[in-house]
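**Q** Heads up, the sequence shown is in our numbering, so the first residue is 192 and it goes up one at a time.
Hints should not be assumed to be uniformly reliable.
Stated by the list, open to error - DEER-style ranges, computed between Cβ atoms:
hint, residue 1, residue 2, range
1, E443, N623, 39 to 49 Å
2, P354, A402, 42 to 52 Å
3, L651, G215, 14 to 24 Å
4, G370, H263, 23 to 33 Å
5, H448, P722, 38 to 48 Å
6, P606, E252, 41 to 51 Å
It is worth saying that the hints were derived from the structure and are not from the lab.
These numbers were taken from a predicted model, which means no experiment stands behind them.
We put the beta carbon where it would ideally sit given N, CA and C, even for glycine.
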Amino acid sequence: MPRHAPSTRLVTHEVTNQPPDFAGRNLFTADPILRHWALREGGDWVDAPLTALGAAVGSEEVLAFGDEANRHPPELTVFDRYGRRIDEVRFHPSYHRLMDLAMEHRIHSIAWAEERPGNHVAHAAMLALFTEAEQGTMCPISMTYASVPALRHQPDVAATWVPKIVGGTYDAPLRPIAGKRGVTIGMAMTEKQGGSDVRANTTRATRDGEAFRLTGHKWFCSAPMCDAFLTLAQTEKGLSCFLVPRITPDGERNSLHVMRLKDKLGNRSNASAEIEYHDTHAVLLGEEGRGVATIIEMVHHTRLDTIAGTVGIMGMALAQARHHVGHRRAFQKTLIDQPAMRAVVADLSLEYEAAVALTMRVARAFSVTTEGERAFARLAVAVAKYWLTKRNPNFVYECMECHGGAGYVEESPLPRLFRESPLNAIWEGSGNVIALDILRTLGREPAAVETFRAEVATALGANPLLDAAISGLFALLARVPAEADARRVAERMALVLQGALLVQGAPVAVADAFIATRLGAEGGRSFGVLPAGADIDAILARVVG
């Protein structure tokens, strides 16, 4: 948080040539790129909730909460002072303030509460905005949002839980659901022996009247202080999906034991845990033996959030870089007036705009119920997740380098953003898993292929390089790509779709420079290599310092 009137005239020297404090801005209205694409894909109605959230998360107070919640990570308390088992995670007060703010602004529920076009665009843009201020709290928020379609597979369960999500506010203490103002939902799927291969899970489920009892170990449980978790276990009929509440129907603590918290590279504010089920009460969701088909609804929606969160990380990293280079001077010029720096920031801006455009378009597909758009969403969210999350770490690093050494110290937000930058590529399916998912969808869902083809075909004729790239992509797909080509296919699909969106919705300078550098031969292997004719002034005009 900015301090009042720090001293600049010291005994040994005077502190000069430093940028002003970053805080105290509306992160939505100060971002023309995000605002343009959110309104384009979501409709004018999303402007009001996003503007309100942008003002909140850009405040000095909330940015300080984000810093504090990560400097003081959660701690596991297995037993209380009398030796009674509680399995609770204690958080810094800033974490609770952030969770309260997120749920107050309905990031977890706006897509379900607002049944109108653009509802998932509003959700994705809000999650991106909040991620700019703090990333870890968006894990339980995302899973709570994404749990709704899976819960609806079991109407009697949904009748109890979904109203506490859609109309719910943050209510942290564990207690029976009937007495809570709102709930959060987590996920516990992966196990040591399988990881992403959840069909290798060994957790067992045995019938107990109308419910089940689970026994097993989960290697990753996201947000262990949620009120309930979606999980997978084997029954006599095969892998099935269950809801495991922290408090059982009779008001007792469920026998869900938190073994340890993960010591992670980033995402420090958020507790991730290993847990064990010891004859743990659970209720079945969906059809027994079809657990993957049930929980995939949750995974599908959390994948949307992996790209929205990536956009948020990129947005804050770029905003910090643009702010710094707009005020820092070197060699008799402000950094942003140096030609080499202008090229770097302009190239970063191209990358960010293409990421935002792709994310908001995918989110619109989630908001539309036609089978064509649903098929497009299944394919495009995987394409976007593969590519955007892969680009993110190097993007954040380049923004860090714009600061020089000032970006490498922990007082800066850049180290936290950098540690966060690989996570979304790993969560909900790492690169090979996602690329192979794309190949399977291409092979099994003709409707997805056709809607993707129709989407990019609308851009034909706008740019000859893009036309050639579209033709080359579908020639590649016509040959039924082998598994070894999965990453090549994913990358080309993402770049072609980004180019198609930009020629239709971005300024010509942005679209032409992106296509020349990403689909032509005029880009470099690092940021800052642009064609000689690129209109850098027009590109930079879309990034506010």
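**Q** Next, verify each hint and record whether it holds.
**A** Each hint, compared with the structure:
no. : hint                    : verdict
1   : E443 / N623: 39 to 49 Å : 42 Å, holds
2   : P354 / A402: 42 to 52 Å : 21 Å, violated
3   : L651 / G215: 14 to 24 Å : 45 Å, violated
4   : G370 / H263: 23 to 33 Å : 29 Å, holds
5   : H448 / P722: 38 to 48 Å : 59 Å, violated
6   : P606 / E252: 41 to 51 Å : 22 Å, violated
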